[in-house]
Structure formats: C-alpha cells, structure tokens
Amino acid sequence: MTANDCTRGPQFKYSAGLALLVVAASSLVFYCTALDSQASIEHQILTRINQLRDSLVAYDTRLGIRPLVELVQGGAILQARDDVFISIADARGQPLLHTSNDIPKSEAWEALKAPKGTVSRGSGLEAHRVFVTSAPLSEGKLLVGQSDRQLLEARQSLFIRFALLNGAAVATLSLLDLFFRRRAHARLVAMKATLAAFNAGATDRRVSFSEPIDCYYELAYAINETLDRTQVLIQNLNYTSSDVAHNLKKPLTRLRQRLEVMYDGDLPDADFKCKIGEAIEEIDSLATKFEALLNIGQLQSGDHRSRFVDVDLKSLVTQVIELYEPMIIDSWQKLEVSIPTEPVRTVRGDRELLMEMLVNFIENAILHCPPGTKIRIALAQSTAGITITIADDGPGIPPSEIENVFRRFYRLDASRTKPGHGLGVPCSVAIAELHRARIELSDNKPGLKVEIYFPANSRKKLPKLGLRPRSGLRV
Amino acid sequence: MRILMIEDDCETAAFVSNGLRQAGHAVDVVSDGKDGVLLGIQEDYDLVILDRMIPGLDGLSVARTLRSSGRNVTILFLTALGGINDRVQGLDVGGDDYVVKPFAFSELLARVNALGRRAPFKCEREKLTAGDLEMDIANRVVTRGNQPINLLPRESMLLEVLLRNKGRVVLRTMILERVWGFRFEPKTSVVETHISRLRAKVDKPFKAPLIHTVRGSGYSIYDS
Chain Y
-14 MTANDCTRGP QFKYSAGLAL LVVAASSLVF YCTALDSQAS IEHQILTRIN
36 QLRDSLVAYD TRLGIRPLVE LVQGGAILQA RDDVFISIAD ARGQPLLHTS
86 NDIPKSEAWE ALKAPKGTVS RGSGLEAHRV FVTSAPLSEG KLLVGQSDRQ
136 LLEARQSLFI RFALLNGAAV ATLSLLDLFF RRRAHARLVA MKATLAAFNA
186 GATDRRVSFS EPIDCYYELA YAINETLDRT QVLIQNLNYT SSDVAHNLKK
236 PLTRLRQRLE VMYDGDLPDA DFKCKIGEAI EEIDSLATKF EALLNIGQLQ
286 SGDHRSRFVD VDLKSLVTQV IELYEPMIID SWQKLEVSIP TEPVRTVRGD
336 RELLMEMLVN FIENAILHCP PGTKIRIALA QSTAGITITI ADDGPGIPPS
386 EIENVFRRFY RLDASRTKPG HGLGVPCSVA IAELHRARIE LSDNKPGLKV
436 EIYFPANSRK KLPKLGLRPR SGLRV
Chain D
189 MRILMIEDDC ETAAFVSNGL RQAGHAVDVV SDGKDGVLLG IQEDYDLVIL
239 DRMIPGLDGL SVARTLRSSG RNVTILFLTA LGGINDRVQG LDVGGDDYVV
289 KPFAFSELLA RVNALGRRAP FKCEREKLTA GDLEMDIANR VVTRGNQPIN
339 LLPRESMLLE VLLRNKGRVV LRTMILERVW GFRFEPKTSV VETHISRLRA
389 KVDKPFKAPL IHTVRGSGYS IYDS
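So the sequences go chain by chain: Y and D. The opening position of the first sequence corresponds to residue -14 in the numbering used here, with each subsequent residue numbered one higher. The opening position of the second sequence corresponds to residue 189 in the numbering used here, with each subsequent residue numbered one higher.
Calculated directly from the structure, the hints in this document are not laboratory data. Certain hints may be false.
Once the Cα atoms are required to be at most 30 Å apart in a straight line, the calculated DSS-like pairs of lysine-lysine come out as [what the hints assert, rightly or not]: (1) Y:K235 / Y:K319; (2) D:K375 / Y:K359; (3) D:K389 / Y:K359; (4) D:K375 / Y:K430; (5) Y:K260 / D:K375; (6) D:K375 / Y:K235; (7) Y:K258 / D:K375; (8) Y:K319 / D:K375; (9) D:K389 / Y:K434; (10) D:K354 / D:K389; (11) Y:K299 / D:K375.
Start from the sequences and build out the full structure, keeping to the hints where you can.
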C-alpha cells in the first residue's frame, strides 16, 4: 500500500476536513480571547498608573517633593523587572528623577502630548505601547508610565503554548487516523485480492488477517463462508463431471462399440443397418450434450482463467472469417466485413474458446439464413471496449423469444430439423462470462444482430446499482 | 507401431486392441496404472493409449511418470473425462492427443496413425508426393505432372496435412486442428468447402483424382 492509496477516497477527505475544522474553531476561540485580553491589559495598566500617581501626589502634598524623590529613589515603590516608571521634574521643568532605563525621559514627557497618553514603540515582535499619566506636584510635576511589553510577552508565550498543544493534538489524531485507515485499507485490499484470485481459479484462497476483530474482520468472515460454499459447489460440479464420466459415459461407450461392431459386420438387412447407424448417431448426440453441459459448468466455475493469455481479437476474427468466407459464398449468402486497419487492443483470454464462441454465432447465421442473406461481421474498438458484431438480414428471432435462447436446450426451430442441441448460445455465454464479456442479441430489422462486447474496464459497474451487466439478463 | 493400451474396461480394451491389430499395429493391454508405468518404462513402445480413471495409478500420474522417465513415447488419452479443464490437464502432463469416450473407432485409428507419422516431420528439405503431385515444403511449391499449381497459404497447409498422412484418413476435426488451430466439431460443412476448393485446383484439371472422401469421417490423399 502506498501513501497515495491512503489519501484517496472520501474517508481521507472527511478526516482532513474534520482536522481543519478543529484547528479553525480553536484558533477563533483563541483570537477572541486575545482581543479581550488586549482591552483588559490596557485597563489594568491605566488603573495601576493612575492609582500610583494619586498616591504619590498625596505623599507630596503631605511631605513635599524632596521626600517624594527620596521615597522613589529608595526603591520602596517600584519593584525590580517592573514595567512601571516614574519621572519627576522641578518647578522649572528640570528633571529630578527618571527611573526607566528603557524609555528616555524626553520621550516619556513627550508621550504626554499623544492622544490618551499612549505611544507605540518598536516594531515586529518588539512592538509594544507605553502609557503615561501626569499630575502637578507642590513644586514640580510628576509623570507615571508603564509599558505593556511584559504583559504582551506573557500573552505571546501563551499563544505559542496554545499553538504547540494544538499542533500536537492534530498530529496525534492524524497519526492515529492514518494508522486505522492503513489497517482498514490493508484489510480491504486483502479481501479484494482474495476475491480476484478466487475468480481467477484459485478456489482455495481465503481472506486471512489477525486480530483485532472489527467490522472488516466480520466482513472477511462472511466472505470466507461464501467462498467455502462456492468452492463446495465447484467441487460438486467436478465430481458430477467425474460421476457422469464413470456411470454414464462408460456404458454408453460399450453400447456404441457393440453397435459399431454390428454396423461394420455382415448385416443382410440394409434397413436394420440404417437403424443401427441412427442409434450410433443418437449416442453421439447424447454424448455431445453431456459434454456441452459439463463444459458450461466448468466454464462457469472460472477455473480456466488461470490459463488466460493476451489474445489479438483482430487476428482471431480475421482467421475465423478466412475459414468461413468460402462456406458463406458457397451457401449463396453475402459477406460484409468491417475490421479496423489500426491494431486492436488485446484481451486476456483463451483463443480457442473465443474462436468457438465466434464460430457458433457465424455457423448459426449460415445455417438459419436462406440464400441471398447478407451476413455482416464487424470488429470495432473504442475507449469503452471492443465489440464484435455478427449480424444478418435473415429471418431473425422474434423479440419475445430473444431471452429464451439464453436458456439451455431451448430451440427456436421447433421441428428440430436443423443441427444443434440448444446449448450453443448458453455455451457461448459461458465463454463470454469467463472473459467478462457480454453477449447481446437484438433485432437487426430485419434479421438478428449478435454483439459481443469486451469492456475495457471489466470492473465498470452500472450506475447506482453497483452491478456488472451480464449477458441475457436485464438489470 | 508398437502400442501399449492402459484401460480397465475389458470390453473397450478388446474392441480397441482388436481394431488396432487388424490395422497392423502390435498392441499390449494392461488394466492397472502401476503395471502400465512398469511396462511403459521397460519396453520400447511407440504409443501409449491411456485411460484417465484406472485403478492403481490414475492416468495423469501415469503420463507424468512416463514423461519424467525420459522415454520418448507418444501418449494418447482415451477417456470419458471430456470437459475443457480435463483436456487441458491431459495435454499439460504431456499428452499428445485426447480422444473422448464414446468414440468412433475410425476416429481413434486416424489419430493413432497421425501420431505415428509425426516423428519424421522435421526435415525441411523434404518433398511430399502423391502420384504425380509434388510439394516442396521449404519453398511451398506445388506441381502436378510438372505443371505448377498456385495455392493460397491455407490451401497449401491443408494439402501438406493430407500429404503427410498419405494413404491414411485425416479427420475433419484433425484438419481444423492442424490447419486453423481450432479444436471443436463444426455444425456446418466448412471443411468440405475448403477441400472442394483444393480439389478444384489439385484434382479437377487432371485425369485421376488424388483426394478421396472417407465416408463419415474425413479425407485421404493417395494415388488410386
């Protein structure tokens, strides 16, 4: 299984869609929270610097500016690593104190002129704002300010942790999903391979995989049960074939031998000899029917697929035409051939069986059509598949009878004067089905049209029903 | 030809062996697969006629053992198992031909004779003749009484099959097998049509016909 196999199909799209949805939803929640925290940071800073300003002004009112400067310089007000800074100027505007190393005092006093006492500093990840407020002192002026850098950094680290957590969660889920999907896919592939092998003739193949027991396991069990049953049916068919050979054909062989000895001996009565000859023909006809029936069964079992090779239908059809053209001319019928000049794709199959199928329909056309009939044999290929057509403008088959000719032993010629056992079409259908081809009989207006269709993709199903079209069956 | 028949049905064994002896072949019969293998390896047979369902050792195993023993023997299966898979199995284990029971003795004899004539086929500079008809295999040139005859490729193949079995019956099914690679019984007289076209070129312009119809089974070429 390749990675591509796992990313195909609706399952992957659903999983990927769900993961994206989860990431988008959590990001939205985070974004809203961040917006909210922005406002709260601003409020928090303003409250703090205003409170500090008021208490410093009160201190100045009570003790004067010098003790205030000493108080601030003593470090009792500000804590280390605090973003808050204090600047005090005397009545002439000369600076007495400035506690920030980061923000120059001129910039701090300048900020007072900005709207809301707020200025932006730095850029990119370093971007932050400085909030300032001021109040007059007894002998000077006080400025209290704070940068939101630390608070922003705290928020940024929160965001990184959130993103890492989110990413880890999505990655874990994806890995789990991939693991389960791979296992499910492997199980489906195992089932598909087994069914394909079984259809190709390996009737002892079964689906097998170890625990855990999931819905695929249950499905595999059901498939194996069906395959067991089908294998028994195929074996029964082979036993039947062997039983028929032992119990019916051996006595028939002896009977035929005795009749043949009598026929070849000195028989005074010509009429009697003729009757023996007829009896031998009856035995041969009976044996042919047995053989045809057993063959249909063996073809339907699909065992023969293991022997398939690439068959060139163009050369096959050409060869059959070459064999039958003199016969058609001698029967005073006309032959029209249509074969493409370009090469035709090969199909996997058994050349002799395909030939037997074609010959069966061509011989039917020759035998059942009067002199003067035109027989058309055509081979055509398209992207959808290859079609072999054998059509005539003879008496044809009434539309109501078309389905019947797919039945075993059904014969249109009720008087049974023409050769045949009523197994030709069923046998041809069995050959077609073995090759995953489809036979369609239709009214050629006038005459009969037989189309043998080899789909390019034999797995192509009928839309919606999920069924493969089959010869002689209406879906 | 020296033939070994491995067949458990006494009546069939007697019917076939008598017929083959009358046709000039020497036939030994055994009814058990193991005996068949022992005899087949010890003695020098040209052909083994083998049933598939026999006691001791089944026909397929007998064929496999004979083949692996290195004996250059021709094997013809004569069996009631005539399904498509059965035939394939028979030819897979090294069978040279497959006749399904019930069978006409004339068909079996024709196939036995054809198998016996297979060995000397390989000489490419060979000239096949029947009466005043001559066929140069390598150059595909056919003459009758020094008069050249133009044949289509399939007609030439058909004549070759008849000539290689000169004096012996070639069945219609054998003609289809050898000339067209088909293995089935046609419902129509398709083989007759091709024979009659060949006759029109090979026999009609001349006095004595060489291609003869053998009633009910096939054709034979010989100078009468």
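Evaluated hints:
1. Y:K235 / Y:K319: Violated - the C-alpha atoms of K319 (chain Y) and K235 (chain Y) are around 45 Å apart, more than 30 Å.
2. D:K375 / Y:K359: holds (20 Å)
3. D:K389 / Y:K359: Holds - the C-alpha atoms of K359 (chain Y) and K389 (chain D) are around 28 Å apart, at most 30 Å.
4. D:K375 / Y:K430: Within the cut-off at roughly 26 Å; holds.
5. Y:K260 / D:K375: Judged against 30 Å, a Cα distance of about 22 Å means the pair holds.
6. D:K375 / Y:K235: holds (25 Å)
7. Y:K258 / D:K375: Answer holds: K258 (chain Y) to K375 (chain D) is near 25 Å, not above 30 Å.
8. Y:K319 / D:K375: Distance of about 19 Å is within 30 Å: holds.
9. D:K389 / Y:K434: violated (36 Å)
10. D:K354 / D:K389: holds (18 Å)
11. Y:K299 / D:K375: holds (24 Å)
Violated hints, in rising order: 1, 9; the structure is consistent with all others.
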